[in-house]
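Using the sequences plus the hints, can you model the full thing?
Number of protein chains: 2
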Amino acid sequence: MSIKENKLQLYNSLSRKKEVFEPIKGPHVGMYVCGPTVYGDAHLGHARPGIAFDLIFRYLKHLDYKVRYVRNITDVGHLENDADHGEDKIAKKARLEQLEPMEIAQYFSDRYIDNMDALNVLRPSIQPRASGHIIEQMEMVSKILDAGFAYEAKGSIYFDVVKYNKKHNYGKLSGRNIEDVLENTRDLDGQEDKRESVDFAIWKNASPEHIMRWNSPWGSGFPGWHMECSAMSTKYLGEQFDIHGGGLDLRFPHHESEIAQSVAANGSEPVKYWMHNNMVTIDGQKMGKSLGNFITLDEFFTGSHKLLAQAYEPMTIRFFILQAHYRSTVDFSNEALQASQKGYEKLMNAVETLDKLKASDTNDFDVAQWNRKCYSAMDDDFNSPILIAHLFDAVKIINSVKDGKLKINTENLELLKTAFNSFTFEILGLRKDEKSQSGGELSAKLIDIMLKIRHEAKLNKDWATADQIRNQLTDLGVQIKDTKEGAEWQL
Amino acid sequence: MSIKENKLQLYNSLSRKKEVFEPIKGPHVGMYVCGPTVYGDAHLGHARPGIAFDLIFRYLKHLDYKVRYVRNITDVGHLENDADHGEDKIAKKARLEQLEPMEIAQYFSDRYIDNMDALNVLRPSIQPRASGHIIEQMEMVSKILDAGFAYEAKGSIYFDVVKYNKKHNYGKLSGRNIEDVLENTRDLDGQEDKRESVDFAIWKNASPEHIMRWNSPWGSGFPGWHMECSAMSTKYLGEQFDIHGGGLDLRFPHHESEIAQSVAANGSEPVKYWMHNNMVTIDGQKMGKSLGNFITLDEFFTGSHKLLAQAYEPMTIRFFILQAHYRSTVDFSNEALQASQKGYEKLMNAVETLDKLKASDTNDFDVAQWNRKCYSAMDDDFNSPILIAHLFDAVKIINSVKDGKLKINTENLELLKTAFNSFTFEILGLRKDEKSQSGGELSAKLIDIMLKIRHEAKLNKDWATADQIRNQLTDLGVQIKDTKEGAEWQL
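Chains as they are written, first to last, in my numbering: chain A, 1 to 491; chain B, 1001 to 1491.
It is worth saying that the hints were derived from the structure and are not from the lab. Owing to the predicted nature of the structure, the values given are computational and were not obtained by experimental measurement. Among the hints, a few may not be true.
As the list claims (entries may be wrong) - Taking lysine to any residue and the SDA-like style, the derived pairs with C-alpha atoms no more than 20 Å apart in a straight line are:
#, chain 1, residue 1, chain 2, residue 2
1, B, LYS1061, B, GLU1022
2, A, LYS66, B, VAL1395
3, B, LYS1452, A, ALA466
4, B, LYS1061, A, GLU100
5, A, LYS346, A, SER400
6, B, LYS1342, B, VAL1395
As C-alpha cells, this is what we get:
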C-alpha cells in the first residue's frame, strides 16, 4: 500500500460539494487567489487567505504538482475612496508635491509582503499589480462590448447583467437569483448611468479629481474592480485554469462577476475549482477594514493594541489560523491565541525531543498507519485541524518513548522523523521562531558550560555556586531539570 | 556657526563639474535611478548603484529634503534574448506549461529586493515595473512620432537621431559627436529597417516567437529599452526632475537616448543633475553579466565561489563599496574585502566603546569641528571615503579616552555620540551585523553572569573554576580583559 490511501478531494464552491482534484493539464496546476488592496496595513483578516492558500500551495507542491500560483495586488480602483477626500486641493500643486497613489501602493504592498514573509507564507510565482495590466483589462472590456454583453454610458462601460443572465447564469456561484434581486431593488444608488441596479462598471470614466487614470477608447478612466482578476488570471494562467481562491466575502459580487466577464469575453467557464476561506471574526462580527474593528498583524507582533493581552509571535498567529479548517470561521480572543502559543511550543519541543530519540529493537507504534491518517486529513479538503490532532497524537508517543514507557524501532523512528518534520514544517509551514528557541547557538553553548560548572560545584559540595547558577538561569527564563543523565534545559 | 559650513555640491555628468545642489521645487527632490534587469541573480556590480544611490538618498533625507526616489525594474525588452533561445518549442505547448517570462521576472525581482534588504539599502518610494507601464510608453512613442522625431518601419518605430541632432544636441551627455559616429559607421548591423546606424527602436515589432507583447497602434510589439525610464520618470516625477542616476555604462546610449526622447516628446530637458556611479572591476575588467566574470551577492554571503577565500557578511560588502567614492572604480579582491571586514569591525567596536565612555571635566577633542569636517566630506559630492577617514580619526580618540590618555567633557561626549552614530548608521547605512555582535541579548547576559561567578571564584581563591570559565569562554571566541573596574569582554 502506498503512503497515501486517498486521492485529494477539495470543496468546490461552484458545485457546493467535495470533488476529486483532477487538474486540467496535470501535473501543472494554475491557481489564482485574490490578494490585498494596498491602502492600509494588513490585519488578521488578511492573514487568513494568505495562510489558507499557502497551505494549499504547499500541499500541492508536496504532491509534486507544478503549481503556478498567482496572487494579485490591487493598486487601482479601490484607491479611489482615499483620493476622494480633499485630494483636489493637493492636485493643484506641482507634480512632485502631490500625493502619488503609487507611492502609497508601494509602501503598503512592501509591508504586506513583509508580513506574509513573517508568517512564513511562501511567495507566489507571480504577484501582478492591477495598475500594470490596464491594456489587458481594456482589451477584455472591448471583447465584452463586441460580444454584446456591455454598454457605454457617459464614458463608462457597464456589464449588462440582465442580458447576460438570459443566456447564461449570473448567480451560479453565489446561489443568487438575479430576477428576485431585480424585483426587490430597482434603486440605482445614484448611479443613474446604469440601466439596472445589478449591472456593474467594467470601465469607469474618471472624474476630474481622480489621479489614477489612463486613456482608453472610451475616454480617460480606470478599470472596474472585478476586471483586474479576470484579465490577469487569463494572462498568466490561460482562459481556463484549475483553482481560483479568495475570501468568502468575495464570492459575490466579485467572483460571480469574474465568471460573467470571462464567459462573455472568452466564451468559456474560467475556473474548474472555486475555493473560499471563511472569515476571521471579532465579537462575532467579521474583522474588516471597512468595519474598523481590525487588529493589524504588526499590532499582533508587537502587542500594541488595546484588545491584546500580550504580543504574539508570527508562528503563534499561523498556528492559530491553521487550527481551524479554512472553511470554518476563526474567532479572535486572547485566550484562544494563548492556547495556540502553548500548542505551538509543545509541537516545537516535540521536534527537538524526536531528534534525540533512540531506537529500540521492539516497536509499539505503527508509524506508517499514522502517516496515512495524516495524509487522509490533508486529502480531505486540506483539513489542517485534523492533521494537527494527529500530530499531537504523535507528540504523546514521542514523549512516552522519551520517558521509556513506549518503544519504537529504527525503521519506524526514521519514518516518524521524516513524516513529523515534513507535516510540521513543509506542509503546515511552521518555522522555529527565534524566541521559542535557544536564542542562538552561542547561548546554548554558554548554558551547557554553566550547567557543567554547576555540576562540578555540586561534586565539590559548593552548594552556593550551584544554587546561584540555577537561580540566575531561572531568572533569564532557562528552566533546568535534573535527570539521571545530567541536567537538561529549555527556554 | 551652524553644524554645516558648506552647501551640498554634486558632480553633474551633464556639465562635467561640481555644482551646488538646488532642487527645482525644494524641499521636494525627485530622484530616478536605473534599476536591475531581472533575469539573473544580482552580483557585486549591482550592489554598487544600489548602495551609491542609497547613500545619496539617505544624506538628502538627513538634510530634511522630501525625496521621492523611483528605481525601476526592467522586466521586458531585455528578456528578449532569453526568449530567443529555443523558446519557440515551448511556445507550442499549452499556456501553463510554457515558460512565463513574468514568473522569471518575479523570482529575480524578489531576490534582488532581498539582496538589497540584506545590504541595508532603503527601499525606494516607488519600484515601477516596465511591463506595468506599456500605455505610458506607447503614449510617449506617439508624442515623439507627432513631433516628427521618429518614423515607422515594418511595425517598429525608430527614433530619428539625425533629424533630432539637427535641432538639438544628441551626444551632450556622453560627449559624443554623432556626425563623427555616422562617418565611421554606416553599417546597420543587419537592422535594415533603420535609416541610420545611430537610430534606435522606441517600439519593436514582436517576432512570432516573442512571448511578451502588447497590441499597439503599430501592431503587436513591445517598447524599446530606453523608453521605459523616460515614461516612468515622467509619470512619477514630472517632465522635469532633479536627479537621474545610474551606472556609468548607462550614460551612452541609454541616458543619452532618454534625454532625446524627453526633449522630443515634452519639449524640455528632463533632468537637472545626472549622476553616474563607476564600475566594479575584477582583474581590471568591468564585472558584468554579459562578460560572465561576475560573483553574485549570494555567493559573497555564503562564500560559494571559487574566487572567494571566505564568506563575507552583507555589511562587509557595503563597507567595502562605501570605502571608495562613488565615481571611482572598485576592484574586487579578497585582500581588500578582508581589510574592509576588519575596518567595519573596528568601527562597530568603537560604537560599543563610545556608548560606555565617561565624561571628564576637561576636554581634549573639539567634536564640533570634527563634525563639520564630516559634513564637509558628504557635502563634497557625497565623499564617503573621506567621511570614513574622519570616523576612524574619531575611533582613535574614542579608544584614547577609554584608555585614559585623553579627556572629553559632557557636552563634547554627547555630540560625539550623536554624530558618530548618525554618520555610521543613518547616513552610511551600516548596521550591526548579528555575527559581529554578542549573539543576542541572552548571550550577553549569560556571559555577564559567568564573569560574575568567575569574579567570586577568584575572591574565594578557587583558581580552577576561574580559569575554567576563562578558558571555555575563550574557546567560544569571547575575549576577556581584566580591568580595574572588573572584567570586560568582546566577541
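Hints, verified against the model:
no.	hint	in the structure
1	LYS1061/B - GLU1022/B	15 Å, holds
2	LYS66/A - VAL1395/B	55 Å, violated
3	LYS1452/B - ALA466/A	13 Å, holds
4	LYS1061/B - GLU100/A	18 Å, holds
5	LYS346/A - SER400/A	14 Å, holds
6	LYS1342/B - VAL1395/B	13 Å, holds
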